[in-house]
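Enquirer: If you read the sequences in order, they're chains A and B.
Just so you know, this note's numbering puts 11 at position 11 of the first sequence, and the rest follows in order with no gaps.
Just so you know, this note's numbering puts 8 at position 8 of the second sequence, and the rest follows in order with no gaps.
What the hints contain is simulated information worked out from the structure, not anything from laboratory work.
Keep in mind that a hint or two might mislead.
Simulated coverage check for chain B against chain A, where a stretch passes if three residues somewhere in it have a Cβ under 8 Å from a Cβ of chain A [as the list claims (entries may be wrong)]:
1. 196-207
2. 211-222
Cβ-Cβ distance ranges computed for the label pairs, FRET-style [stated by the list, open to error]:
3. D61(A) with V268(B): 37 to 43 Å
4. A182(B) with H217(A): 45 to 51 Å
5. A21(B) with A200(A): 37 to 43 Å
6. L185(B) with G31(A): 50 to 56 Å
7. V25(B) with N170(A): 41 to 47 Å
8. P95(A) with T237(B): 36 to 42 Å
9. A21(B) with E101(A): 23 to 29 Å
10. R114(A) with R14(B): 40 to 46 Å
11. Y11(A) with R14(B): 37 to 43 Å
12. A204(A) with L185(B): 55 to 61 Å
13. V268(B) with G189(A): 58 to 64 Å
14. V70(A) with A21(B): 57 to 63 Å
15. R114(A) with V175(B): 44 to 50 Å
16. N170(A) with V175(B): 53 to 59 Å
A few chain A residues that don't get close to chain B, going by computed Cβ distances all over 12 Å [said to hold, decoys possible]:
17. A29
18. T118
19. D123
20. S132
21. A134
22. Q135
23. N170
24. I180
Quick caveat: nothing in here was measured; it's all calculated off a predicted structure.
Ideal placement from N, C-alpha and C gives every residue a C-beta, glycine not left out.
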Amino acid sequence: MIEVHRVSKVYSVGPVKVPALRGVSFRIAKGEFVVLTGASGAGKTTLLRLLYRDDLPTEGDIEVLGHDLVPMRRSQVAALRRSIGVVFQDAKLLPVRTVYENVAFVLRVLGTPRREITERVFDALRVVGMSSRAQAYPAQLSQGEAQRAALARAIVRRPPLLLADEPTGNLDESMAAEIIEALKDIGSGGTTIVLATHQARLAAALKRRTMTLAAGHVVKDEG
Amino acid sequence: MVGFLVGEALRDLRRAGRVAASAIVLITLSLAALGGFWLVSSNLDRAVARWRDRVRIVVYLRREPSSPDVAALVERVRTTPGVAAVTFVGKADALRGLKQVLGKDAGVVDQLPANPLPASLEVTPAAAAATPEGARELVARLAALPEADEVAGSVDWVEQLSHWQRLLTTIGLGVGAVLGLAAILTVTTATTLVLHARRHETEIMRLVGASEITIRLPLLLQGMMQGLVGAVLALGTLVLTYSLVAPRLEPLVNLTLGLSQLVFFTPVGVTALLGAGTLLGGLGGWLARAGREP
Ligand SMILES: Nc1ncnc2c1ncn2[C@@H]1O[C@H](COP(=O)(O)OP(=O)(O)OP(=O)(O)O)[C@@H](O)[C@H]1O
Ligand SMILES: [Mg+2]
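Whole structure, please, built from the sequences with the hints as guidance.
Expert: Laid out in structure tokens, this is it:
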């Protein structure tokens, strides 16, 4: 599913080189739920961004879902991303559209036949417990609800891989727990999940394979 | 999918609001100017073509030749270089013509003691002689005929008309081009606003793997819509102006230019106008996009 081989990433900020990842290697099998943890600045976001080809590694090879990520044309990047759902710390919902429209947007963008859209959107909203909020606008949602809507948008195409970067970062404990439950549900359906969080307690409570990053190295990989 | 793309484009238009509206107004102005000049010019063009066909040089004869001599004279003039056709008009024919023109006042003619009108030859210049130069040479040649008393007619004023027509076309193209350029720039500005307003959508589209076409088409479409709406408005303005002005102008035009009626655009012309608007708008949308390549 995912193979990362000796990957390094160095950001260049003007003349300054900022190393974010240093020689990272690991594999993630289909259906695994992996928690990526580590202090702020350890390189979690950088690693996730490499996995959905938002950026290129400075060195090393990455294979995701059978795609070799380094030599890739734009059309191939698009094809890769159609198989990956992504959620961020901020929900990134489109403000002038309802929850329903936000989730449906993904399907419409990708040309899903109209008659399938309603059903698939409500399926996704049900998984995250947001069916009753379909007609609400983002401004009318709590942060937890917004994040669940974003999660619904990420899974509405039933992608085999879901990447979540601090999805609970803005949430209080009970809302965070809801998101984690939803993620577990999605994972039990066979979706491979990589969840990045700096919240060590949350990572420990999950009881899943946990990879710990520190200063761009994988320092622990267990569970 | 088409519904989605058009929906997104419409949403973008609404977001660009006032700038999109001014882009539309500019497109309307530029196309109305272009179209208006084009209409005037094509009608003048018809007048010119018509007059080119109708130009006659009249050779008034010293005295009416006897009927056996007429054929020989006509034949001699017909073979003169630059002559396409010759018609002999005898004194009696001329008088009949005059009576026809006078209509109910024709009685005056009968009061005359003798027919005062000279016999004449109506010469149609060949196409090659229909230029001012050629016509002048032909007139000189005809004046040299021993039978000729006086030669009347030239193509100068037709050329004048043709000159005006060309000048108008040039001015029209110039004004249209300047306005068109302004229109493109305004569409570009409107589209740049749209790009900004759309950045969240674009981000999500890229994230979920939309094709570049899907990401860009709404931008192009909203530009084309601005252009098409502008063109339709321009066409409406022209139709309205034409229907108001044409009936009032036609008698005058008939009298001065000999055009019995004015013409509006053909279906091809209408299509071209709408196409030009769509193209202008699309170009504006496209330019904004090209400037923002990630
Ligand atoms: N776009 C960038 N340009 C330059 N440096 C960057 C960029 N993104 C990240 N970095 C640097 O790379 C290192 C790793 O950052 P990264 O965002 O991957 O960490 P993180 O583990 O996600 O942290 P956090 O828990 O705060 O989200 C940091 O030193 C950061 O400053
Ligand atoms: Mg991060």
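Enquirer: Each hint: holds or not?
Expert: Cross-check of the supplied hints:
1. Only when three residues or more bring their CB closer than 8 Å to a CB of chain A does the claim for the region 196-207 of chain B stand; here the count is 7, and the claim holds.
2. For the region 211-222 of chain B, the stated coverage by chain A holds: 3 residues have a C-beta nearer than 8 Å to a C-beta of that chain, and at least 3 were required.
3. A hinted range of 37 to 43 Å is violated for the C-beta pair D61(A) and V268(B), which are about 59 Å apart.
4. Range check, A182(B) to H217(A): Cβ separation about 59 Å, and the 45 to 51 Å hint is violated.
5. Distance hint for A21(B) and A200(A): a CB-CB separation of about 55 Å, inconsistent with the stated range 37 to 43 Å.
6. For the pair L185(B) and G31(A), the supplied restraint of 50 to 56 Å holds, since their beta-carbon distance comes to about 55 Å.
7. Taking the beta carbon of each, V25(B) and N170(A) are about 45 Å apart, inside 41 to 47 Å as hinted.
8. Taking the beta carbon of each, P95(A) and T237(B) are about 38 Å apart, inside 36 to 42 Å as hinted.
9. Remark: the range hint 23 to 29 Å for A21(B) to E101(A) is upheld by a beta-carbon distance near 26 Å.
10. Distance hint check for R114(A) and R14(B): the Cβ-Cβ separation is about 22 Å, which falls outside the suggested range of 40 to 46 Å.
11. Hint check: Y11(A) to R14(B), Cβ distance near 39 Å, so the stated range 37 to 43 Å holds.
12. Taking 55 to 61 Å as the suggested C-beta distance range, the pair A204(A) and L185(B) conforms, at roughly 59 Å.
13. Here the CB-CB span from V268(B) to G189(A) is close to 60 Å, well matched to the stated 58 to 64 Å.
14. Between V70(A) and A21(B) the Cβ separation comes to about 47 Å, which falls outside the hinted range of 57 to 63 Å.
15. Checking the proposed 44 to 50 Å range against R114(A) and V175(B) shows it holds: the Cβ atoms sit about 47 Å from each other.
16. In this structure, N170(A) and V175(B) meet the distance hint of 53 to 59 Å, their C-beta atoms being roughly 57 Å apart.
17. Non-interface status of A29(A) relative to chain B is upheld: no Cβ of that chain comes within 12 Å, the nearest being about 23 Å off.
18. Against the 12 Å criterion, T118(A) stays outside the reach of chain B, whose nearest CB is about 14 Å from its own CB.
19. Taking the minimum C-beta to C-beta distance to chain B, about 17 Å, the non-interface status of D123(A) holds against the 12 Å cut.
20. Interface exclusion of S132(A) from chain B stands, the closest Cβ pair being 24 Å apart, more than 12 Å.
21. A134(A), annotated as away from the interface, keeps every beta carbon of chain B farther than 12 Å; the closest lies near 18 Å.
22. With a least CB separation of 18 Å from chain B, Q135(A) remains clear of the 12 Å interface cut-off, as annotated.
23. Separation of N170(A) from chain B is adequate, the least Cβ-Cβ distance of about 18 Å exceeding the 12 Å criterion.
24. At roughly 22 Å, the least C-beta separation between I180(A) and chain B is larger than 12 Å, which holds for a residue marked as non-interface.
The structure fails to meet hints 3, 4, 5, 10, 14 from the earlier list, while all remaining hints are met.
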